[in-house]
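Please take these sequences and the hints and turn them into a complete structure.
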Amino acid sequence: MPPRTRTLRAATVAAVLALGTSLLASAPQAGAAQPEPVAVTDHCQGQCADILPPGENGNATLVEILGNKAFGTHPAHSDDQLDRYNGLVAGHTGLTDQKLTDFFNDASFGVAADQVESVTTPRSDVTITRDKKSGVPHIKGTTRYGTEFGAGYAAGQDRLWLMDLFRHIGRGQLTSFAGGALANQGLEQQFWPQAPYTEADLEAQVEWIRTTEGARGEQAMTDAQAYVDGINAYRQKSKSGRYFPGEYVLTGKIDSITNIGEIQPFKLTDLISIASVVGGQFGGGGGGEVQAALSLLAAQQKYGVEEGTRVWESFRQRNDPEAVLTVHDGTSFPYAGKPDQARGTALPDAGSVTPEPLIYDRTGSAGTGAKAPVEAPAALKPLQGMYDDGVIPEGSLPGSGDGARKRGMSNALLVSGEHTASGNPIAVMGPQTGYFAPQLMMLQELQGPGISARGVSFAGVGMYIQMGRGQDYAWSATSAGQDITDTYAVELCEPDGSTPSKDSTHYRDDGACAAMEKMERTNSWKPTVADSTAKGSYRMQVWRTDYGIVTHRATVAGKPVAYTSLRTTYRHEADSIIGFQMLNDPAYVTDAASFQQAASHIDYAFNWFYADSRTAAFYNSGMNPVRAAGVDPALPVKAEKAYEWRGYDPAANTATYTPFAEHPRSSGQDYYISWNNRQAKDYATAAFGFGSVHRGDLIDDRVADLVADGGVTRASLTRAMAEAAVTDLRGEQLLPELLKVLRSQPVTDPALNTVVQQLDSWRAAGAQRKETSSGSHTYTHADAVRIMDAWWPKLIEAEFRPGLGDGLFTALTANLGTDESPAASHGPSGAHSGSAFQYGWWGFADKDLRQVLGQPVKGPLAKTYCGNGDLSACREALLSTLKQAAATPATTVYPGDDSCKAGEQWCGDAIIHRALGGITHKAIHWQNRPTYQQVVEFPSHR
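Numbering (our numbering) for the sequence shown: 6 to 947.
Careful, some of the hints might be misleading.
Unchecked claim - Straight-line distance between alpha carbons at most 30 angstroms, and here's what the computed DSS-like set of lysine-lysine pairs gives:
#1 Lys137 x Lys927
#2 Lys868 x Lys799
#3 Lys104 x Lys138
If you're looking for bench data, these hints aren't it; they were derived computationally from the structure.
Computed from a prediction, not measured in an experiment: that's the story for all the values here.
Shown next, in the form of structure tokens:
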């Protein structure tokens, strides 16, 4: 397909011509359309909408990158969904069903004849039709192979560079591919140890799917091969036609004048490595048991074993009775709870834990980021160093960066038909996968034999729609995060029988002294136009055991051990393809029950939501291991047969998993919400932070009110989502209690009383972080927002540190950060990322303040901390910190970065799409909202 490019100014073209006129070679013209396959019935009847900013087109030639840098021009369809997405902040208050397409795409099947922008025919059995408004590829095949080939070809058109990046991230080879920037070093060091594989391991995963999943497994791998073939067809055509992504020139892969160089062919194992990155970011759960053990030890050291354990458990909140739930009808789904009598727990000796080293043999700029810029051609000077901070800035990806936690960042709001105006269920739902340019996902429609769907797929694994809509149903997901990863303590040994040390590389395995498997990845890099990082190299090394990858070393009862991380989905990164295949198959998914069965074939930990014209439904997927009786999944466990997963086979990394009936699920409940909150009663959390206040409350309260009133519409449910998206959780949920404490006595300081009144006025107005008017870049209650941002970390420390003590407070904050407001994430690891308020001490503060106020609390903290339980002392601590916060200038609260000046509050919060290639985009208003989002209401069914 020809590059979709807006007209560039003559000066840009002239500059590029200095490199040689070959850069301006045109792509081949689109082929003639082939006969359409049999039309499908679209039961949404114009009532399905979606959005994925900034735009569908994620490839840019060198000419286009230069134009963007010099003049701010954008390739066609690379930014045409950005303003609509941003516009909902101001536009949601007056939203009607008729106005939804002002802010969303029409997600109907097909393209009207007068809306066809182009038709490409990469093979005679498939067409790729793109619409004028958004450029989304509508892929229609007359054969299964052709359909999947077309999907791969369209992925190449829209995400070739991105797919190349992610296959190298998954293989732990990002620095060798894109440059040695410190952020690139950090990213591959973060992800590769989570899923280290040899090429044989990757090939074995392909064969596992092909040979153990029956006819669907064989079909899945045939589809995947067709998809890869399509990518490679576009790869070759774009290279020979010289309209490939310009990043290949800037990173030294292809010579801009001679066209010498290569885009390496894609292969099936690349899809496995990409799946490992995607699954690791969004579909994992559990782990972190070593850090949990350290905070438990700190509590026991302060209070003694019995009392310390009780205090720790009250902060752990595995099954908090006040937590917001997706299944809220009281149905219980027991899983991963605290055993009455724990067996096999392997707590480390105090002070003995050390993290396992990863990096060896550093040379040159490894670990330093030293720069040595190359001499760039004059025309490329504007692009020099564009990757000096990394192709993906550190911390931008969920689950990456120093001290990172898995971030789900997705939400769903569904209302059953008995509470809607039409009598049909309504859903507003989508995944929040960060903000990138291009996005990690791409929109597409797939129509072919056995496939009928429109929606998003992660680039590089887009054989099927992963979230979207079918002919008469829609589905989506949020990250679930239940515990599918455990930590084992393997006892170390020496093969000659000598005394082992913490550094030993052999371990006890079923009575034998077995050798750990050393896995290595050596990377080297040199400076390019894009990345000026000086020449360097290093070697990454991990040790693999039958109980997983070594993460730490310690002693337990004086004996040296290695702590390992064992994930059920390890060696099964792409097995979930079977579930996605089913979800795309209209012959399989015919109702809520068949949807739940399809979702149960997805191995990663996700919450799945479904709506058709009759039913709204929910299912929690994941390979939940059946643990030995008495094992506490929240803490490290001895690596012995008695405490292993039941039915565990280390060779294939398989075990016995909890059956379908034990997974949280529901159909026809009055409404469903999810914002990465707990799923159901007794379904224990795998992490801290699931207590009485959670960001899920922001949408649960609003949807409950809508349901109580009745007559819910697509617009009213979207308004509820959009209002929650600009609301400060602390201001809505915690500020009322804070004000009660502060006003338990008159505030006699006039200046401080004015501050209290400012906060109360903000609370009464909805505690929103929202502009005075569209484009003003000034919040309506700017000073109150600034005060809250400055106050929260100070008040949490004043409330809890004195009672907990320095050691325990520090250990607990390592388990759960105190704040995650848009401003709190400012800096090198996560600023401008949109998602906020997932992790923080709001639930702890809520319970503690209610305890101080003498209010009833279910599942209270073991002790009351604010003012040591004295209301007057608590009030003084809060007033003192509030006074400090009020005096903190905006330039300190919002310190500025490469995108914002110090003190720029709106800009500090703003969403900025992280450029993964050469195209950048303007900042948009902060929203705590899914990246890709659907609004759906089906009026009919097959």
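These are the hints, each one checked on the structure:
no., hint, verdict
1, Lys137 x Lys927, "holds, 23 angstroms"
2, Lys868 x Lys799, "holds, 20 angstroms"
3, Lys104 x Lys138, "holds, 16 angstroms"
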